[in-house]
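Trainee: Sequence:
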Amino acid sequence: MEDHEFLDRRIPPDIIDQDPVHESLRICRLIAVRLMETILRLPGLILLELWWRNRDISFEEITQEMLKKAPFNSYLDISTILDFVHRRDFDNSAAIILSYSVLFLSVMFLTLPLSKLFKLYTHAFSLLIFAFAHYMSTTYVNLEQNSEDKELKLDNFVKLERHGFHFLAQLMLSVVQSCVLGLESDVGRAFLTVFTLPIVARMCGFPVERLILAHNVACSLVMLSICIYVLNRVPDMVHGMRTAFRQIKAIFVVRGLAGGFVTVWRRLRIAELMTCAWLTMFVIRMYVEIWEKGRTWREAGPALLASIAESTNTPISLLALALTVSFVCKWVVDGAQLVIGGRRDHGHVLAHSGYTEALTLVLLCLQTGLLGMKTEQKAFLLGLVLFIVMSALLQSLYELLEPQLLSLAASPTASRGRHIRCLLLAAHLFIAPIAMACAITAFLPIDLWCVIIVSNCVLTTIHAASSTVQYAIGMIESYSAEPWEHSDDLTFWTRMVTKVFELSIALIVLVYGIVFTVSGNWTLATIAVLIFHVIFNIYRRMETLLGSMTARQAAVKNINRLPRASREELKARSDVCAICFMEMCEEARVTPCKHFFHGACLRKWLSVRQVCPLCYTELLDPISEPATEELEREASPERERVRERNMEWREMRAMEDVSFRLIYPDFLQSPVWNRRNPLFEELIHKDMLERRMNIDIPEFYVGSIVAVTTSEKCLGSKEHRFVGICIRREREGLHHQFTLRNVVDGVGVEIMYELYNPTIRKIETLKLEKRLDNDLSYLIDALPEYSTFDFNMEPISHAAGTPVPINPIKVKMRTPPWARRWELFDLKGIEDAWIHATPYFKRKFHKTKMNDYMRYDLIANYRTGSNLEHELKVEEEIQRFEKERHQAGVTRRRIFRSAAAAR
Numbered sequence: 001m002e003d004h005e006f007l008d009r010r011i012p013p014d015i016i017d018q019d020p021v022h023e024s025l026r027i028c029r030l031i032a033v034r035l036m037e038t039i040l041r042l043p044g045l046i047l048l049e050l051w052w053r054n055r056d057i058s059f060e061e062i063t064q065e066m067l068k069k070a071p072f073n074s075y076l077d078i079s080t081i082l083d084f085v086h087r088r089d090f091d092n093s094a095a096i097i098l099s100y101s102v103l104f105l106s107v108m109f110l111t112l113p114l115s116k117l118f119k120l121y122t123h124a125f126s127l128l129i130f131a132f133a134h135y136m137s138t139t140y141v142n143l144e145q146n147s148e149d150k151e152l153k154l155d156n157f158v159k160l161e162r163h164g165f166h167f168l169a170q171l172m173l174s175v176v177q178s179c180v181l182g183l184e185s186d187v188g189r190a191f192l193t194v195f196t197l198p199i200v201a202r203m204c205g206f207p208v209e210r211l212i213l214a215h216n217v218a219c220s221l222v223m224l225s226i227c228i229y230v231l232n233r234v235p236d237m238v239h240g241m242r243t244a245f246r247q248i249k250a251i252f253v254v255r256g257l258a259g260g261f262v263t264v265w266r267r268l269r270i271a272e273l274m275t276c277a278w279l280t281m282f283v284i285r286m287y288v289e290i291w292e293k294g295r296t297w298r299e300a301g302p303a304l305l306a307s308i309a310e311s312t313n314t315p316i317s318l319l320a321l322a323l324t325v326s327f328v329c330k331w332v333v334d335g336a337q338l339v340i341g342g343r344r345d346h347g348h349v350l351a352h353s354g355y356t357e358a359l360t361l362v363l364l365c366l367q368t369g370l371l372g373m374k375t376e377q378k379a380f381l382l383g384l385v386l387f388i389v390m391s392a393l394l395q396s397l398y399e400l401l402e403p404q405l406l407s408l409a410a411s412p413t414a415s416r417g418r419h420i421r422c423l424l425l426a427a428h429l430f431i432a433p434i435a436m437a438c439a440i441t442a443f444l445p446i447d448l449w450c451v452i453i454v455s456n457c458v459l460t461t462i463h464a465a466s467s468t469v470q471y472a473i474g475m476i477e478s479y480s481a482e483p484w485e486h487s488d489d490l491t492f493w494t495r496m497v498t499k500v501f502e503l504s505i506a507l508i509v510l511v512y513g514i515v516f517t518v519s520g521n522w523t524l525a526t527i528a529v530l531i532f533h534v535i536f537n538i539y540r541r542m543e544t545l546l547g548s549m550t551a552r553q554a555a556v557k558n559i560n561r562l563p564r565a566s567r568e569e570l571k572a573r574s575d576v577c578a579i580c581f582m583e584m585c586e587e588a589r590v591t592p593c594k595h596f597f598h599g600a601c602l603r604k605w606l607s608v609r610q611v612c613p614l615c616y617t618e619l620l621d622p623i624s625e626p627a628t629e630e631l632e633r634e635a636s637p638e639r640e641r642v643r644e645r646n647m648e649w650r651e652m653r654a655m656e657d658v659s660f661r662l663i664y665p666d667f668l669q670s671p672v673w674n675r676r677n678p679l680f681e682e683l684i685h686k687d688m689l690e691r692r693m694n695i696d697i698p699e700f701y702v703g704s705i706v707a708v709t710t711s712e713k714c715l716g717s718k719e720h721r722f723v724g725i726c727i728r729r730e731r732e733g734l735h736h737q738f739t740l741r742n743v744v745d746g747v748g749v750e751i752m753y754e755l756y757n758p759t760i761r762k763i764e765t766l767k768l769e770k771r772l773d774n775d776l777s778y779l780i781d782a783l784p785e786y787s788t789f790d791f792n793m794e795p796i797s798h799a800a801g802t803p804v805p806i807n808p809i810k811v812k813m814r815t816p817p818w819a820r821r822w823e824l825f826d827l828k829g830i831e832d833a834w835i836h837a838t839p840y841f842k843r844k845f846h847k848t849k850m851n852d853y854m855r856y857d858l859i860a861n862y863r864t865g866s867n868l869e870h871e872l873k874v875e876e877e878i879q880r881f882e883k884e885r886h887q888a889g890v891t892r893r894r895i896f897r898s899a900a901a902a903r
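Numbering-wise, the UniProt record's numbering puts 702 at position 702 of the sequence shown, and it's gapless, one number per residue.
Don't take each hint at face value.
Said to hold, decoys possible - List time: in silico DSS-like cross-link candidates among lysine-lysine, alpha-carbon distance up to 30 Å: (1) Lys770 - Lys812; (2) Lys604 - Lys571; (3) Lys604 - Lys557; (4) Lys713 - Lys770; (5) Lys767 - Lys810; (6) Lys594 - Lys604; (7) Lys762 - Lys718; (8) Lys594 - Lys557; (9) Lys812 - Lys828; (10) Lys116 - Lys249; (11) Lys330 - Lys604; (12) Lys686 - Lys810; (13) Lys883 - Lys686; (14) Lys767 - Lys828; (15) Lys828 - Lys810; (16) Lys604 - Lys770; (17) Lys873 - Lys686; (18) Lys499 - Lys374.
Hint data in this document are derived by calculation from the structure and do not stem from the laboratory. Being a predicted model, the structure only gives us computed values, none of them experimental.
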């Protein structure tokens, strides 16, 4: 359906469209689900980060100094923790099992489906309930042991109050735990109340000294029940993980390595998850640096760098930092785009999306070995890296601002507020790079890397100033009555000055780099950077500068030799410039082909192409034009003959008024213009012509009555013949298809044939004619008599050399609903369908007209259509093929019986 030219509109649009409130609720629900999933998976990544940091530390190596460096150490009893750790005689194998169980738990958090992840959290919550029940039971035992009543007598309600309160508390905890786990077994629910055993024992007269024994029995039963429950539930969790891994494997098999990685990355929301994990660790470290260490707000800068350094200790946290920087840069760019207006979508997946800054950060950190440094060195290096990222972010903001600022100068309808916002952003891009360059020179020693960063900042300032000057020139020109002739000169020289500054700064960096290298501070990275700088920043800029100057000189030379039109001529013509569509009142230039344009507009055009904008006549210098034409004739004598033959073919095609794609649509080029391969098309055409030697394919169009005989091995006669009207012809080459429609016993039947299918024995054109439309798919919703044809219909002869008749019939449609909304298209073969529409249908479907923008979309026609040279070449091949067929005696008539082939 997507490839068909008609759109599917089976349901009224106002029924399909949802209520805005419902749509907003759906979006809020989607955001809430994504946020909840990210939060639920967050512990898995944090556990993985902590496991990576401490994977080589044994229990004996844990000291008091290590615990003091831990976050929130003021809330921890360090001596008690050390006593607990060092008194436990952990086996090395047990420690390894516990370590990798943390890894297994992290994988579970990251890979389990959302439903099973909820179950995992419910089990964790049930364990917390068990812990609280244990605490309540221990408290009850201690209270009973410290009480003065050695013998319990429940002879009044006051004595029962304490025991009943603890019993009720344990019962409520068991009820909550049963609801959380969703237990349906009575035995399972009974095991949840085991911590009521000390209470029941004490109420039955169990001695106080032995009451701890009942508590120990309850703990043992709880451990046993947890063990049984885990043994029953873990296989389900493992099965879920195996299912997830099988799905991931299927994704990689179907989409490949790169596509599968991207799909898994997006489905698991790895980027959002790692960003949230890094921000969590950063906030904790920032709290420790500011509050626990007692720093003032004046030390916020060093504390910020120290927090970033402490939060980036492993490759996982480094990637998380890069993704966080990517998101922050993207949000800044999106915010700037929202402020300055214009289109908010990105032209490319890497354009203004933050990936450039993230990749820069990762490469610089890996190049400098950031992860192996101490905290102070790491903080200093991260400051340098963040300066570079800020420089790249300012460059991205400029790339975003430049087209918006230049488009505002040419759009007089833009609001004043948008102009002010763009100018404020330009001022920010002018001041911020200078301030950052000063901070870099004060913060870092002057070396090659520092000079490169400062040069990028200065270039951003120059670009912002250049764009602002071009904006001012454009605004002055937009408020003038006619195009300002000198505006193009000022804009050109502004750009040239900017390019000269760019080249000068690049040369300064090169000279400093050479001096820095010669002085003995060279490395392989420095030499590679200098070579890259020479190729991309100096050679290319110099080439661009010289090319712009050459094109400008040629344009000025050509425009100066064109005569000016007088005011009387302009007043008599009362025409507009074909380039800017503004009236020509005072100043205009006349081309040799007698076309009038504004001088400024024509100068801009001639800087790109030295031809007339309307007729594409070459506008060469009269001195060099004869020599150039003579040189072309000597170099290519065949070009004149080809040009003359093409002119003859154009005249013949204009007189015949025959459409190429209607005569032989199977020889059309591919509608996907960037997939056209001349060699492949030539081989396909040869194969098609060879097949035409075996089967006689007549001329027929959409609307012709055609009979097709095919081979059917399952039928008694081994052949099947179908007669119908051709309603559609589509696809190109050997895959060309045509569809026939007929009504058989009151049922519409449509059969699609491939034109070059070997099972087709014979194709007959019973009636050669055309219809008003090139696609008759709407006959599916028309009355059946327009698609009913006799299978014994006799062929109607068509005189050779006469035009193909066009049947002007207009079909009547059935009562809606239809298969598609045919009334939206300019179909000439349908009678007004609104006469037969029901009132309900008229209320639901508002009569609309198809816009004519496709009629003027020249680039769409260029991409989907074939060029004239290809049509002429194929037409010549067909004529030569017809002569060969006649000479071989394969057929007695030509393929084309219309006036087009008769000539």
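Trainee: Would the pair Lys713 and Lys770 pass a check requiring their Cα atoms to be no farther apart than 30 Å?
Mentor: violated, 34 Å
Trainee: Between Lys767 and Lys828, is the straight-line Cα distance small enough, at 30 Å or below?
Mentor: holds, 21 Å
Trainee: Going straight from one Cα to the other, do Lys604 and Lys571 come out at no more than 30 Å?
Mentor: This hinted pair holds, its Cα atoms lying about 24 Å apart.
Trainee: With a cut-off of 30 Å on the C-alpha distance, tell me whether Lys873 and Lys686 pass.
Mentor: With a Cα-Cα distance of about 13 Å, the restraint between Lys873 and Lys686 holds, given a limit of 30 Å.
Trainee: Would you mind confirming whether the straight-line C-alpha gap from Lys116 to Lys249 stays at or under 30 Å?
Mentor: This hinted pair holds, its Cα atoms lying about 20 Å apart.
Trainee: Holds or violated: are the alpha carbons of Lys686 and Lys810 at most 30 Å from each other?
Mentor: violated, 40 Å
Trainee: Between Lys812 and Lys828, is the straight-line Cα distance small enough, at 30 Å or below?
Mentor: Status holds; Cα separation ~12 Å.
Trainee: Would you check the hint for Lys330 and Lys604, treating anything up to 30 Å between C-alpha atoms as holding?
Mentor: violated, 35 Å
Trainee: Would the pair Lys499 and Lys374 pass a check requiring their Cα atoms to be no farther apart than 30 Å?
Mentor: violated, 43 Å
Trainee: Please work out if Lys770 and Lys812 have their alpha carbons no farther apart than 30 Å.
Mentor: Since the Cα atoms of Lys770 and Lys812 sit roughly 18 Å apart, the hinted pair holds (cutoff 30 Å).
Trainee: Is Lys604 within 30 Å of Lys770, Cα to Cα?
Mentor: violated, 47 Å
Trainee: Would the hint linking Lys828 and Lys810 be met if the CA-CA limit is 30 Å?
Mentor: This hinted pair holds, its Cα atoms lying about 7 Å apart.
Checked against the numbered hints given earlier, this structure breaks hints 4, 11, 12, 16 and 18; the rest are met.
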